[in-house]
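A.B. asks: Keeping their order, the protein sequence lines are chains A and B.
Numbered according to this note's numbering, the first sequence spans residues 17 to 477.
Numbered according to this note's numbering, the second sequence spans residues 43 to 348.
I should point out that these hints are in silico values taken from the structure, not numbers from a laboratory.
Treat the hints with care, as some may be off.
The calculated label-pair distances, taken between Cβ atoms and stated as ranges, are [to be verified]:
hint, chain 1, residue 1, chain 2, residue 2, range
1, B, Arg180, A, Gln60, 44 to 54 Å
2, A, Arg397, B, Pro193, 38 to 48 Å
3, A, Glu48, B, Asp171, 57 to 67 Å
4, B, Val165, A, Gly470, 13 to 23 Å
5, B, Val170, A, Leu304, 38 to 48 Å
6, A, Leu289, B, Asp268, 49 to 59 Å
7, B, Arg307, A, Glu48, 51 to 61 Å
8, A, Phe302, B, Arg180, 33 to 43 Å
9, B, Lys240, A, Glu48, 31 to 41 Å
10, A, Thr290, B, Pro208, 49 to 59 Å
Reference excerpt, derived from the structure (chain B facing chain A, CB under 8 Å, subset only) [unchecked claim]:
hint, residue
11, Gln102
12, Glu108
13, Pro111
14, Arg119
15, Gly140
16, Arg148
17, Ala150
18, Pro298
19, Leu347
Note that the Cβ used here is the ideal one computed from N, Cα and C, for glycine as well.
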Amino acid sequence: MRAFVVALTCCMAVTPATALAQSSDADALRRELQELRRQHEEAQKTIDALGERLKRLESAPPPATAAPPPSPGQTRSDPAAQTGPPSTTDLLRPRQPFGLSQQRGAGQLLFDMGVAADFVANFTQHNVQKAEGGTFAGQENTFFPRELELSLFGQIDPFASGLVRIEAGQSRRGGDIDVSLAEGFLTLLALPYGTQAKLGTMRNRFGWSNNVHEHDLPWVDRPDVYRVFLGDEGLRESGVEATWVPDFLPFYLEVLGGLFNGDNETAFGRGVLTHPLVTARVRAFFELSDTQALQVGVSLANGETGERRASRLVGYDVKYKFRPDGWLHPLLTLGSEGIYSMRRTARDVDIDQDGVIDFSEKSHRDSFGWYGWAEVQPWRRWGFGARYDSTQYPDAPGWQWAVEPYVSFFPSEFLRFRLAYKHTDRQQRFDPSGNGGSARIVDELLFQATFILGAHPAHPF
Amino acid sequence: MSHRVGTVILVAMAIASGTVPASEAARKLRVVATIPDLKSLTEAVGGELVEVDSLTRGTQNFHEAEVRPSMMLKLRRADAVIENGLDLDAWADVAIEGSNNPNLMRGARGRIEISRGIELLEVPTSRVDRSMGDVHPRGNPHFSLDPGLAPIITQNILDGLARIAPENRAAFEQNRKAFLAQLDQRMAEWTKLMEPVKGGKVVVYHPDMIYFLTRFGLAQVGMIEDRPGIPPSPQHLVSLIRVMKEDKIKVVLVEPWNDIKLANRVAEEAGAKAFVFASSVGAVKGAENYLGAIDYNIRTLAKALQ
Numbered sequence: 017m018r019a020f021v022v023a024l025t026c027c028m029a030v031t032p033a034t035a036l037a038q039s040s041d042a043d044a045l046r047r048e049l050q051e052l053r054r055q056h057e058e059a060q061k062t063i064d065a066l067g068e069r070l071k072r073l074e075s076a077p078p079p080a081t082a083a084p085p086p087s088p089g090q091t092r093s094d095p096a097a098q099t100g101p102p103s104t105t106d107l108l109r110p111r112q113p114f115g116l117s118q119q120r121g122a123g124q125l126l127f128d129m130g131v132a133a134d135f136v137a138n139f140t141q142h143n144v145q146k147a148e149g150g151t152f153a154g155q156e157n158t159f160f161p162r163e164l165e166l167s168l169f170g171q172i173d174p175f176a177s178g179l180v181r182i183e184a185g186q187s188r189r190g191g192d193i194d195v196s197l198a199e200g201f202l203t204l205l206a207l208p209y210g211t212q213a214k215l216g217t218m219r220n221r222f223g224w225s226n227n228v229h230e231h232d233l234p235w236v237d238r239p240d241v242y243r244v245f246l247g248d249e250g251l252r253e254s255g256v257e258a259t260w261v262p263d264f265l266p267f268y269l270e271v272l273g274g275l276f277n278g279d280n281e282t283a284f285g286r287g288v289l290t291h292p293l294v295t296a297r298v299r300a301f302f303e304l305s306d307t308q309a310l311q312v313g314v315s316l317a318n319g320e321t322g323e324r325r326a327s328r329l330v331g332y333d334v335k336y337k338f339r340p341d342g343w344l345h346p347l348l349t350l351g352s353e354g355i356y357s358m359r360r361t362a363r364d365v366d367i368d369q370d371g372v373i374d375f376s377e378k379s380h381r382d383s384f385g386w387y388g389w390a391e392v393q394p395w396r397r398w399g400f401g402a403r404y405d406s407t408q409y410p411d412a413p414g415w416q417w418a419v420e421p422y423v424s425f426f427p428s429e430f431l432r433f434r435l436a437y438k439h440t441d442r443q444q445r446f447d448p449s450g451n452g453g454s455a456r457i458v459d460e461l462l463f464q465a466t467f468i469l470g471a472h473p474a475h476p477f
Numbered sequence: 043m044s045h046r047v048g049t050v051i052l053v054a055m056a057i058a059s060g061t062v063p064a065s066e067a068a069r070k071l072r073v074v075a076t077i078p079d080l081k082s083l084t085e086a087v088g089g090e091l092v093e094v095d096s097l098t099r100g101t102q103n104f105h106e107a108e109v110r111p112s113m114m115l116k117l118r119r120a121d122a123v124i125e126n127g128l129d130l131d132a133w134a135d136v137a138i139e140g141s142n143n144p145n146l147m148r149g150a151r152g153r154i155e156i157s158r159g160i161e162l163l164e165v166p167t168s169r170v171d172r173s174m175g176d177v178h179p180r181g182n183p184h185f186s187l188d189p190g191l192a193p194i195i196t197q198n199i200l201d202g203l204a205r206i207a208p209e210n211r212a213a214f215e216q217n218r219k220a221f222l223a224q225l226d227q228r229m230a231e232w233t234k235l236m237e238p239v240k241g242g243k244v245v246v247y248h249p250d251m252i253y254f255l256t257r258f259g260l261a262q263v264g265m266i267e268d269r270p271g272i273p274p275s276p277q278h279l280v281s282l283i284r285v286m287k288e289d290k291i292k293v294v295l296v297e298p299w300n301d302i303k304l305a306n307r308v309a310e311e312a313g314a315k316a317f318v319f320a321s322s323v324g325a326v327k328g329a330e331n332y333l334g335a336i337d338y339n340i341r342t343l344a345k346a347l348q
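Bound conformation, chain B alone:
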């Protein structure tokens, strides 16, 4: 009897400390991404060897995600966390510190930032302060949905995952190669679709499409926000509508989490049309993964700018 009680206690202790050897050996790498775009790309690189979760949903504004203890629990169980960086997901620091997981703290090998090697756009060249709004001193952080940057992002993810599981590097490389081949194929199709509207001009609500627009030769000529993150003043809207009329801008792009009514109103006043685009994977129906989100945006823009 006492032997049985002893065994039960030992098993309970092993479960409590999360160190059951048999399950440990077989389990997948548990990875948490701060945003859904990175979740999708990590799944592409990690394949069957990883189990990926995201701290946020595509319908959220990543600048202002609320740090919930449920995020801390996901991070507590994770082997690695994948961050966008450039202050887009700076809130993740608080969640990671609250997770009590030493493998994810700054400097630990489970902390993977994917902005390394990205040629950033909108890097301020003069002194910045908050009078300029929610400005990012190191450059615009919304690069994850630019398909041309996917090779760099996936390479960073691959390097990060391989640091934790070096034995799986070859498999990760193979997965990445397959994903990039698929991306190349789609890229040819997307470039063809965008060719007729090259040089098209759009107005955005928040500057989170600049990498994508630049990639496909489109121009962002204005913003509904007065300055990033700052709601527009009536004077700003009047001036924007005037510019849109003069330049004959026909397309306003708005994120699903932003003020769609205002975007519609501005578009209507200027004789244009507002389009909700996939600001992230999962932001709209049909953008359930990385390729799907880009495809959605390509088709939306190709049609809108015709």
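The following block holds chain A by itself, in its conformation from the complex:
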């Protein structure tokens, strides 16, 4: 009897506990079920969204680099899909890319963007600063932003690419920052017979270094021959330039012709297309071996000065590189450029030596300038080089020479520091400012810091 009572008591005690446990299990299962349902609903939503996205992608035209095989019904309405160069009719017909602006997603740009910044500091003698006769005239003994450049570039459509470069920099000590259009041009890429044309404002392909931007030059400053013959910025003109690359020669040859306003006031300055600046260039490249290469070029620029007198420049350029196999940088680079200037001038004649000019007679002045340069880069981060300049003046007698050893340090591909010493020796007193200073002998310590943000196209040889 006592056993029965104990058993009954135990049963009564266990039953609610079991019921409680069962109830708690059910709750847990319910919660789990709800959670699974929620997850299932979320998964379903994701599946639906992905399905929608797939539909959209399938209905959109394929990307340019992954064109589908041609269907039998394909017609010439899609010029980019043809094997040969497009015909004139193809080029005139309205084309698909007009729809591209609607196809891009929010926040997506269809072009590249990059910033290059170049800062320069220079130290020189007081008399050079007074005469404003240093390499960076009017900026002696200052640290200044020489060039901050914003580049926007990309494909306009399958037939042309475009580039716009806006430049800001300080040109005078303590002066405002000037903002200007450095370059802006389109390149027609789909022309036949190995030709291509560039239209707009551009750095001319005259010689090798004229086409190179300040921050990409292998030196702190542009060579003297360019600055003396073409001004501080070199030759930059508005007009059209066309190139032809023949495919039947055993070596690379590029033939170039151009037609420009002639806005450069140092060498030309007529500034009208009725009396244009005509340019021409032939560039050849020889791969001497897998590790050595040589490029040679001859350039011509023929125009008129602001005084309507003929001005002609003939230039040569040569560049050699030795890059040992597997090296990430060249070990040795050698180069030289020269310009021969032929200008019509007017010479004042004082027949009776009374100090009064009796008349001006037509004359001409020929002058020549060149530079030679060598750079050794034994390590990836360090480069050492030197440049020798020798230049006559195109509009005055006399000449100057300079030597500039330098060292470059590259912490990365996008950051560079450069330190240079430049000694310039002019044949005569030089005082462009008229302040009574003289810059006949100039010794300068130059420092340059350059960085690149964003996209920056690779540099050709």
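Once you have looked at the hints, place chain B on chain A.
C.D. replies: This is chain B only, laid out in the frame that chain A set:
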């Protein structure tokens, strides 16, 4: 006499414009690949119908190839250019634009990119900038020497070539099939060779083996470069050597164009050994074609990890 002069001028003009009809009809498709791996694969797909050249050599670092005008001349003469994509060969844009060949410009059918359809690894999931080194925002571009991806790459090449020469599609397909059969056969052999070292850990100099290592079940546990493309700092090397010692890493893989001396030094400090691997077709002796390059890497790793 004047008739003869006229004929000579006409022939010269025809040669100059590159349009001699007889030779045009018979000639092979001229294809230029940006890197040797793609040259080898294009030769496998194109067979006798194509003539393939490469813009770079296997001993070069493809990230930093110098754009030479000789590249432009090759491209000027080409019917198609085969690109890796994902910014590995972004420099090719400059060479192609300088070639004055409208058939290769962006959007033209002669422009073939082979990264389409590749399941990419190391795709950044957070904001990227250059403080992370030479980072590729769309994913690691060194996929060409993963034999498991060869079917996709060769399909892309086939589609591209068939766009230019649709009449040869069947022949290209046949070539591809034969190549893939050969690859399958080698793959069985390679998988068997790698089976004993599966799960092995290696340190690389630059992250251009990740697809290959993943394919064969190996793990990349560290990099000599601090960040991709950025030379290592002493602190980074000290920390790497410590990790290598702790994890008992015995293998350092280095590309023939990279700093082999440094790789040897790191390996020595950590009690490991550095091995030069075929970072591309033609990078080392014995890696003269695609299958040869993979075979070289398999045998090097199988032996090194034993």
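A.B. asks: For each hint given before, does the structure comply? Return the numbers of the non-compliant ones in rising order.
C.D. replies: 1, 3 and 19
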